[in-house]
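Engineer: Residue-level listing of the chains:
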Amino acid sequence: MRYLLVDRFLELEVGRRAVARKCVSRGERFWKDLPEYPAPLVLEALLQTAGHLTRAALGFKRSTMLGKIESAEFPGEALPGDTIRLEVNIVGRRPEGNLCEGTADVDGRVVGRARFLILFMPPDREPVATPYVLDRRRRFLQAVGIKKRGDS
Amino acid sequence: MLDEQQIVAKVRTCVATALGKDEDEVTQEKVLSRDLEAESIDYLDITFQLEKAFGITIQKDELFPQKIFQDDAFVKDGVVTPKGVAYLREKLPFADLSGFQRDPKVARVPELFTVGLLVNYVKTKLGR
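Quick note, the sequences are listed as chains S and W, same order.
Following our numbering, the residues of the first sequence are numbered contiguously, the last one being 152.
Following our numbering, the residues of the second sequence are numbered contiguously, the last one being 128.
Careful: at least some of the hints might be erroneous.
[Said to hold, decoys possible] Straight-line Cα separation of at most 27 Å, DSSO-like style, residue types lysine-lysine; simulated pairs:
no.	chain 1	residue 1	chain 2	residue 2
1	W	LYS123	W	LYS21
2	W	LYS60	W	LYS105
3	W	LYS30	W	LYS67
4	S	LYS32	S	LYS68
5	W	LYS10	S	LYS68
6	S	LYS68	W	LYS76
7	S	LYS68	W	LYS21
8	W	LYS60	W	LYS76
9	S	LYS61	W	LYS60
10	S	LYS68	W	LYS30
11	S	LYS68	W	LYS52
12	W	LYS91	W	LYS76
13	W	LYS91	W	LYS60
14	W	LYS60	S	LYS68
Quick caveat, the hints were computed from the structure, so don't treat them as lab data.
Sequences are here, hints too, so could you generate the full structure?
Structural biologist: Here it is in structure tokens:
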């Protein structure tokens, strides 16, 4: 994943919902000239939250990909220094993946809302689970608070 | 128990939600792909919507059998073979294949999938 837009998981109910946090910094290198945090990145943060929630159901052993954005709206803006709360609920579950609804808010003010499909990666497109990949995955899950240090 | 009108209304809502269309546009004779611009991922989305709306479980390939496009025994030179037609008949007992059988080009398979077919599927699934 090139852009990691989730800083911390606050709640993770496998197969049901997740709540995560994204701290907005003006220093993010992909933030160009807009005064507000770009809406597509708010959406991407919701999608990443949903991706981890979906992967959690299979012990993070499978990768996920975005299937489709059914709807998305951005009624507010996030600014540097804001903390975006990302809540994702699974509203439909199938072997192929999940139908999810996500809401991003800053202190209760909604800045993004979306409904989308997160799918499991087809087995023939899964990255090879080399020791490097597994270690990077473990360190990421520890960093965002999904796993504790020392967990495998 | 849902009556036919309620089933039709819910199916139309499901399709409209999945495809981002007005419900007025989603009438029973409409072909999902040709008339409502459904793409491959939309069929999965419709499956999610139907499961949620009707509280049913739809197995993979139960409603939209992909195998017809993947198995060489089912298609030869762009035409669905008798074995392929039999497969479609088995998988889609709720579909009217009479028109398709007269000109069974594989390119015409997506035209079988109308809003009305989804209604018939749900009725079958609910034992109606």
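Engineer: Are the hints correct? Go through all of them and say.
Structural biologist: Checked hints:
Restraint check for LYS123(W) and LYS21(W): satisfied, since their Cα atoms lie roughly 23 Å apart, inside the 27 Å limit. Our distance criterion of 27 Å between C-alpha atoms is met by LYS60(W) and LYS105(W), whose separation comes to about 24 Å. Taking the CA atoms of LYS30(W) and LYS67(W), the gap is near 23 Å; set against the 27 Å cutoff, the hint holds. The hinted pair formed by LYS32(S) and LYS68(S) meets the criterion: a straight-line CA distance of about 26 Å does not exceed 27 Å.
In summary, the hint linking LYS10(W) to LYS68(S) is supported, as the alpha carbons are separated by about 22 Å, within the 27 Å threshold. Taking the CA atoms of LYS68(S) and LYS76(W), the gap is about 32 Å. The hint is violated against a cut of 27 Å. With a C-alpha separation of about 15 Å, the suggested pair LYS68(S) and LYS21(W) falls inside the 27 Å cut-off, and the hint holds. The hinted pair formed by LYS60(W) and LYS76(W) meets the criterion: a straight-line CA distance of about 24 Å does not exceed 27 Å.
Only pairs whose Cα atoms come within 27 Å are accepted, and LYS61(S) paired with LYS60(W) is accepted, the gap being roughly 22 Å. Our distance criterion of 27 Å between C-alpha atoms is met by LYS68(S) and LYS30(W), whose separation comes to about 22 Å. The straight-line distance between the Cα atoms of LYS68(S) and LYS52(W) is roughly 17 Å, inside the 27 Å bound, and the hint therefore holds. Taking the CA atoms of LYS91(W) and LYS76(W), the gap is about 19 Å. The hint holds against a cut of 27 Å.
The hinted pair formed by LYS91(W) and LYS60(W) meets the criterion: a straight-line CA distance of about 12 Å does not exceed 27 Å. Of the pairs offered as hints, the one joining LYS60(W) and LYS68(S) holds, with about 18 Å between alpha carbons and a cut-off of 27 Å not exceeded.
Hint 6 from the earlier list is the only one contradicted by this structure; the remaining hints agree with it.
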